[in-house]
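**Student:** This is what each chain is made of:
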Amino acid sequence: MPAVTVLGLEGSANKVGAGLVRDGRVLSNPRRTFVPAPGQGFLPGQTARHHRGCVLAVLREALQEAGLEPADVDCVAYTKGPGMGAPLVTVAVVARTLAQLWNKPLLGVNHCVGHIEMGRLITGAQNPTVLYVSGGNTQVIAYSERRYRIFGETIDIAVGNCLDRFARVLKISNDPSPGYNIEQMAKKGQKLVELPYTVKGMDVSFSGILSHIEEVAHKMLASGECTPEDLCFSLQETLFAMLVEITERAMAHCGSQEALVVGGVGCNMRLQEMMRIMCAERGAKLFATDERFCIDNGAMIAQAGWEMFRTGQVTQLEDSWITQSAVWWGTPPDRGRAQQAPAQAAHGTQASESPWQHRRGQLSVRRR
Amino acid sequence: MEEAGAARAGLGFTLSVPFPSPLEAQIAHGSLAPDPEPRKGGISKELTVTENFLHVCWKADEARILRVSISSFLDHLSLVIQTMEMFGPPVPR
Chain A
1 MPAVTVLGLE
11 GSANKVGAGL
21 VRDGRVLSNP
31 RRTFVPAPGQ
41 GFLPGQTARH
51 HRGCVLAVLR
61 EALQEAGLEP
71 ADVDCVAYTK
81 GPGMGAPLVT
91 VAVVARTLAQ
101 LWNKPLLGVN
111 HCVGHIEMGR
121 LITGAQNPTV
131 LYVSGGNTQV
141 IAYSERRYRI
151 FGETIDIAVG
161 NCLDRFARVL
171 KISNDPSPGY
181 NIEQMAKKGQ
191 KLVELPYTVK
201 GMDVSFSGIL
211 SHIEEVAHKM
221 LASGECTPED
231 LCFSLQETLF
241 AMLVEITERA
251 MAHCGSQEAL
261 VVGGVGCNMR
271 LQEMMRIMCA
281 ERGAKLFATD
291 ERFCIDNGAM
301 IAQAGWEMFR
311 TGQVTQLEDS
321 WITQSAVWWG
331 TPPDRGRAQQ
341 APAQAAHGTQ
351 ASESPWQHRR
361 GQLSVRRR
Chain B
1 MEEAGAARAG
11 LGFTLSVPFP
21 SPLEAQIAHG
31 SLAPDPEPRK
41 GGISKELTVT
51 ENFLHVCWKA
61 DEARILRVSI
71 SSFLDHLSLV
81 IQTMEMFGPP
91 VPR
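Residue numbers (full-length UniProt numbering), protein chains in the order written: chain A, 1 to 368; chain B, 1 to 93.
Hints were generated in silico from the structure; no laboratory data involved.
This one's a predicted model, so the numbers in the text were calculated from it and none came from an experiment.
One should not assume that every hint holds.
To list a few chain B residues with every Cβ distance to chain A over 12 angstroms, as calculated [claimed, not checked]:
| hint | residue |
| --- | --- |
| 1 | Leu11 |
| 2 | Gly41 |
| 3 | Asp61 |
| 4 | Glu62 |
| 5 | Ala63 |
| 6 | Arg64 |
| 7 | Val68 |
| 8 | Met86 |
| 9 | Phe87 |
| 10 | Gly88 |
Keeping only pairs whose Cα atoms sit at most 20 angstroms apart, straight-line, the calculated DMTMM-like set for lysine to aspartate or glutamate is [what the hints assert, rightly or not]:
| hint | chain 1 | residue 1 | chain 2 | residue 2 |
| --- | --- | --- | --- | --- |
| 11 | B | Lys40 | A | Glu183 |
| 12 | B | Lys40 | A | Glu145 |
| 13 | A | Lys104 | B | Glu85 |
C-beta: ideal position from N, C-alpha, C; glycine also.
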């Protein structure tokens, strides 16, 4: 079977990236990040404007770095969702134009599946329990019977969102990312401040700990009770312990020997360390990637697109609309086998099944 | 995709954008038509192609909603045109 080269375009949050992947090899993966001023978050309109301004330059860079011409690209993958509406449209519009200019198939990819497929590709994890943690997502996922199933998740905000909004309270710089700067400050923390710990069965909740720390931070700093570094350290320790707990719960339910951390928050070395300790205690192995692939990037979209394409799935233009939510259509790629897909799948969507399925674990492992 | 409710609209706007060829007008249509209006009510737009022209016809209840939609459309149209300039012309069919 001839090699298939996929271009992947990503722009669902404040990162815009273009990646070229050929049969599992990442040929290039440049990216740009929209960084708001300290104390601010990023809004859809300004983020889309940023992406509009540089997506074509990033795409050119991807081709140049890979040493490829447009004619070498076999299909164009882009993030169909989930994410922020305006930035998603910006990238989708470019992807559709390229696919039509070059007369190549278009592949609308689920952003979450992109993270997971890239994590598996880079680390070689076979069938891991996945902890997907980013600014927009916090889920514990396992692949079972042709579908990614959510075993546990946040019932309100994502862990990365909690960290980003805490950074705004202390006006921590957003360059290169608020989470990175919190991590560096946390390394210098000396004191563990008690913060609300909210695990609810298989799920977690972060809005309570966020509103608590927003309320007490300035008072505690003003009274000298702790330093900003102590708060960063305490927040990380608490948030990450919650994530470790729900991941372990899912691993116990599945009898899993592998854990994979993906998403921007997965870059955090302290989270990786805590996960590694938990895995070691269970005789399991932890897989993680570095910032090239943890943080949103184009190559992960290309990789997930490649998996789709191999099973005969493409996205028709009229079905290529973007969506802010993760639940829409179609089945994820059937991994491990490039099988002949039914004709319906080859023509794109209309499937009534969702790639996401909530299934609550029947075993609840009580800790503490 | 058409939005319900815009039939009551009092305001309308039509834009006709020329392209170098009918194929390029169709490509622009293919890129710009799939996404629904972010706003669920009070605005609708319809995209059509005749020869080398892309026509966009808006109906809206309020001027500011119409303005936002047109402005957003022009940003995306501009991006499509830049993409065509950088990576076009379309490969022969």
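**Student:** For every hint, state whether the structure bears it out.
**Tutor:** Comparing the hints with the structure gives:
1. Leu11: 22 angstroms, holds
2. Gly41: Given a closest Cβ separation of 16 angstroms, the condition holds.
3. Asp61: Correct as stated: the minimum Cβ-Cβ distance to chain A is 21 angstroms, above 12 angstroms.
4. Glu62: At roughly 19 angstroms from the nearest Cβ of chain A, glutamate 62 of chain B sits farther out than 12 angstroms, so the non-interface label holds.
5. Ala63: Given a closest Cβ separation of 19 angstroms, the condition holds.
6. Arg64: 15 angstroms, holds
7. Val68: 10 angstroms, violated
8. Met86: 6 angstroms, violated
9. Phe87: At about 5 angstroms from chain A, phenylalanine 87 of chain B fails to clear the 12 angstroms cut-off, so the statement is violated.
10. Gly88: 5 angstroms, violated
11. B:Lys40 - A:Glu183: Distance ~40 angstroms between lysine 40 of chain B and glutamate 183 of chain A Cα, so the pair is violated.
12. B:Lys40 - A:Glu145: 36 angstroms, violated
13. A:Lys104 - B:Glu85: Holds: lysine 104 of chain A and glutamate 85 of chain B sit about 18 angstroms apart, inside 20 angstroms.
In this structure, the hints that do not hold are numbers 7, 8, 9, 10, 11, 12, in rising order.
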